[in-house]
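Peer 1: Just need the whole structure built from these sequences, with the hints factored in.
2 protein chains.
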Amino acid sequence: MNFLEEKILQDGVIKEGNILKVDSFLNHQIDIDVMRQMAYEFKRRFHGVEVNKILTIEASGIAIATLLGHLYDVPVVFAKKSQTANSTDDKYVAQAYSFTHKKMNNVFISKPYLNATDKVLIVDDFLADGQAAHALIDLVHQAGAEVAGIGIAIEKGQQKGGSELRAEGVRLESLAIVEEMDWQTQTIKFREQPVQKIANQNLKLK
Amino acid sequence: MNFLEEKILQDGVIKEGNILKVDSFLNHQIDIDVMRQMAYEFKRRFHGVEVNKILTIEASGIAIATLLGHLYDVPVVFAKKSQTANSTDDKYVAQAYSFTHKKMNNVFISKPYLNATDKVLIVDDFLADGQAAHALIDLVHQAGAEVAGIGIAIEKGQQKGGSELRAEGVRLESLAIVEEMDWQTQTIKFREQPVQKIANQNLKLK
Chain E
155 MNFLEEKILQ DGVIKEGNIL KVDSFLNHQI DIDVMRQMAY EFKRRFHGVE VNKILTIEAS
215 GIAIATLLGH LYDVPVVFAK KSQTANSTDD KYVAQAYSFT HKKMNNVFIS KPYLNATDKV
275 LIVDDFLADG QAAHALIDLV HQAGAEVAGI GIAIEKGQQK GGSELRAEGV RLESLAIVEE
335 MDWQTQTIKF REQPVQKIAN QNLKLK
Chain S
155 MNFLEEKILQ DGVIKEGNIL KVDSFLNHQI DIDVMRQMAY EFKRRFHGVE VNKILTIEAS
215 GIAIATLLGH LYDVPVVFAK KSQTANSTDD KYVAQAYSFT HKKMNNVFIS KPYLNATDKV
275 LIVDDFLADG QAAHALIDLV HQAGAEVAGI GIAIEKGQQK GGSELRAEGV RLESLAIVEE
335 MDWQTQTIKF REQPVQKIAN QNLKLK
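So the protein sequences, as listed, match chains E and S. Positions 155 to 360 (my numbering) are the ones given, in order, by the first sequence. Positions 155 to 360 (my numbering) are the ones given, in order, by the second sequence.
Just so you know, the hints here were simulated from the structure itself, not pulled from any lab data. Any given hint might turn out to be false.
Which copy? The list can't say, so a pair holds if one copy fits it or any two copies do.
BS3-like, lysine-lysine: derived pairs with alpha carbons at most 25 Å apart [unchecked claim]:
#1 234 - 169
#2 257 - 197
#3 343 - 169
#4 265 - 175
#5 175 - 245
#6 175 - 234
#7 169 - 265
From a predicted model like this one, the values you see are computed outputs, not experimental measurements.
Peer 2: Laid out in structure tokens, this is it:
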């Protein structure tokens, strides 16, 4: 098991309806040490991949995107959500259905912040049906830029997002992939992944 | 002039209606070097102040809050916004009017993430009428915790937030205070502040 899987087992809470709550360390309160380890682990997994921009979507992807931007020393862009379809000349706009909020969102980026020369590493906290990830890929392609890869903290392995993205040939790295979870017994089964060899002591960004 | 004032002069755009757009480096695209310098400058200004938690509000405060959490090595919490008044036993809830979105938002934090022993440094990108800052202070006080200080990137000096907070005795540090701006001439006047003595070369977090 890697550090994130261990943290999920320790502090995650499974709720009825296939919901994994990790807001004690990932998307409401942020455990800065877990976040730093995530940043280092993404950089390790995407070793050798050219990246000159980090892209995420507001709000909970911003923390990990910022630490990755710091680590890569490249700009970070976060796509914004809006219910109004204010597609204008100066924005790239895509659509994504939010299962959390049960509504369709427009997702947009101002055109000056994505360029045709960009090699974009997309990061987000969760991947389930892949709505947000596909919207972000769409925005990158609208700009004529390239998706260098997608880094996800927690992938819900039974939902279609991960398998679709891999079938599309996207380089996808998910730090923890939940294969099964049971709210009544509070048990989780993760998909097996090779464990990284880096000792925790070496993971400080400072 | 400090680094942030220089950056605002260089890349900020003044729009009609007293709007300062800084989304090329602060709240849509993030210039990671400016963000790192902001984190260091907050830490310098709050030197000697005990801080064991960083608090902000989604979405654009999360980037600077994350780098400050990294620098202080303490947890970060971001308050969430919701239009629904789902005040429950497990959340602290306050209200804040958003001038950007022209609506009243509920702002909430799950109770386990604010404790009576917390010394909370509140950070945000903008301070204008102080709605968000007062809501965050309210949440901290509901938890019986202490506001160690408030760090703001850009304060709009003509609006009431800053003067109210200072009158209330809150320790407020704004990196750039806009006294006047004119969209027709694209000119800005900043309130004079002592310039920090740290050379830029020493500001890398890495």
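Peer 1: Are the CA atoms of residue 175 and residue 234 at most 25 Å apart within a copy, between copies, both, or neither?
Peer 2: Result: close both inside a copy and across copies, 23 Å intra and 15 Å inter.
Peer 1: With identical chains treated as interchangeable, where does the CA-CA distance between residue 175 and residue 245 reach 25 Å or less: within a copy, between copies, both, or neither?
Peer 2: So residue 175 and residue 245 pass the 25 Å test across copies only (15 Å; inside, 33 Å).
Peer 1: Within a copy, between copies, both or neither: where do residue 169 and residue 265 come within 25 Å Cα-Cα?
Peer 2: Close across copies (18 Å), not inside one copy (39 Å); limit 25 Å.
Peer 1: Give the relationship of residue 234 and residue 169 under a CA distance limit of 25 Å: within one copy only, between copies only, both, or neither.
Peer 2: between (28 Å within a copy, 20 Å between copies)
Peer 1: As a check of your reading, is residue 265 near residue 175 (CA-CA no more than 25 Å) within one copy, between copies, both or neither?
Peer 2: between (34 Å within a copy, 15 Å between copies)
Peer 1: Indicate which option fits the pair residue 343, residue 169 if close means a Cα-Cα distance not exceeding 25 Å: within, between, both or neither.
Peer 2: within (15 Å within a copy, 52 Å between copies)
Peer 1: Under a CA distance limit of 25 Å, which applies to residue 257 and residue 197: within one copy, between copies, both, or neither?
Peer 2: neither (33 Å within a copy, 40 Å between copies)
When the structure is compared with the earlier hints, a violation turns up for hint 2 alone.
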